[in-house]
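Per this note's numbering, the sequence shown runs over residues 79 to 465.
Since the hints were made in silico from the structure, they are not lab data.
Ideal Cβ positions, reconstructed from N, Cα and C, are used throughout, including at glycine.
A couple of the hints might just be wrong.
[Unchecked claim] Pair ranges (Cβ atoms, derived):
no., residue 1, residue 2, range
1, Arg338, Ala274, 32 to 40 Å
2, Trp239, Asp112, 38 to 46 Å
3, Arg278, Asp316, 48 to 56 Å
4, Gly317, Arg278, 31 to 39 Å
5, Arg457, Pro367, 37 to 45 Å
6, Tyr370, Arg278, 24 to 32 Å
7, Asp316, Ala436, 25 to 33 Å
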Amino acid sequence: MPLAVYVLGLSVFSLGTSEFMLAGILQPIARDLDVSIPRAGLLISAFAIGMVLGAPLLAAATLRLPRRTTLLVFLFVFVLGQVAGALAPTYEVLFGSRVVSALACAGFWAVGAAVAVSLVPVGAKARALAVMVGGLSVANIAGVPAGSFLGQHAGWRASFWGVAVLAALGIAGVALMVPRTATPAGTEAPRLRREARIYRDRRVWLAVGTIACNAAATFALFSYLAPLLTEVSGLDEDGVPTVLVLFGIGSLVGTLLGGRTADSHLFGTMYAGITATAATLALLAVLAPSTYGAVALTLVLGVAAFTTGPAFNARIFDVASSAPTLAGATATSSFNLGNTAGPWLGGLVIGAGLGYRAVALTGAVLAAGAVLLTALAARTDRRGGRG
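Please build the complete structure, drawing on both the sequences and the hints.
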């Protein structure tokens, strides 16, 4: 695996820390800005909305630009977004800073995924993408719990300053290690009209729906994990970072498993990961009052949910092989479509007075929908259908 792929994964570490760390500091943010927990949870959706919209738009806008330069610009804008968040005087300003950061993150993900795939042989696509997804897993192990710990003991704004420093280190790594252009010599320059043809293929839309449902299932619960653990499971607030570490460890294990199996058993990896996610969320809805049960299932959820990551990414690049840049953007938007819908649906459930356990049950239903979409995609493949 080229060193540049690992550099991209390390850059994703800072992006992923910013995206997910709010799950551990929702309560301090809500208290400081005088908003409810569900409204604070919308800050997670704000980031995801920026990712959904930004990935395809920015991928299209930068399609013919030098890829290393594009990655550096996105990281620089991301740093500015983190600084704005750290200095935000109101909820509205913080919300806007999250959208700006997300747009930059989306652009980096879309272009970075295309760069990673272009640097490896065809048979190693899932492994290369697993390295990038691994950046998210390491963020969940180290970055998110550290951000939660820092936010609880030095103020939530300190978490944003910490991510800004990490992203600045990512700028240095990309500048030094990523080639000026990852497009192989003799390859025709990408064209937007040609790449956009992938959206005529039903397999692309089935992949989008599957990814979005599975992501929504996971992050409907994960976004409100801290209050579920403290208010339902009886865990002290100081114990939340430790549980987030366990989730991160599980996500890394899942990513490694998925990266090893997805290239040779794509649909098997998808079925196994999604089904395990649905079962884990259903069990969590039942066992949430048990502290030990909730903590153990959080670890299992990390493994199950992230096992599918490399397979989902590889699936998008398989069915959209003629459009590598828009394929990366589509994968990014798909995941974050779920990351937008999940916290929003979870907030609706909580706002309706159904409680945090009902959020886990909502996630289980969404994951079951992802299983059905996977079955439909497999059937479409067997029939050789595209349009």
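Using the Cβ atoms, figure out if Arg338 sits within 32 to 40 Å of Ala274. 33 Å, holds
24 to 32 Å as the expected CB spacing between Arg278 and Tyr370, which holds or is violated: 50 Å Cβ-Cβ, so the 24 to 32 Å window is violated.
Quick check on a hinted range of 37 to 45 Å for Arg457 and Pro367, using CB atoms only. 40 Å, holds
25 to 33 Å as the expected CB spacing between Ala436 and Asp316, which holds or is violated: Between Asp316 and Ala436, where Cβ atoms are some 26 Å apart, the hint holds.
Measuring from beta carbon to beta carbon, are Trp239 and Asp112 in 38 to 46 Å? For Asp112 against Trp239, whose Cβ atoms are near 22 Å apart, the range 38 to 46 Å is violated.
When you take the CB atoms of Gly317 and Arg278, is the distance between them in 31 to 39 Å? 50 Å, violated
How does the Cβ-Cβ distance of Arg278 and Asp316 compare with 48 to 56 Å: does it lie in that range? 53 Å, holds
Of the numbered hints listed earlier, those contradicted by the structure are 2, 4, 6.
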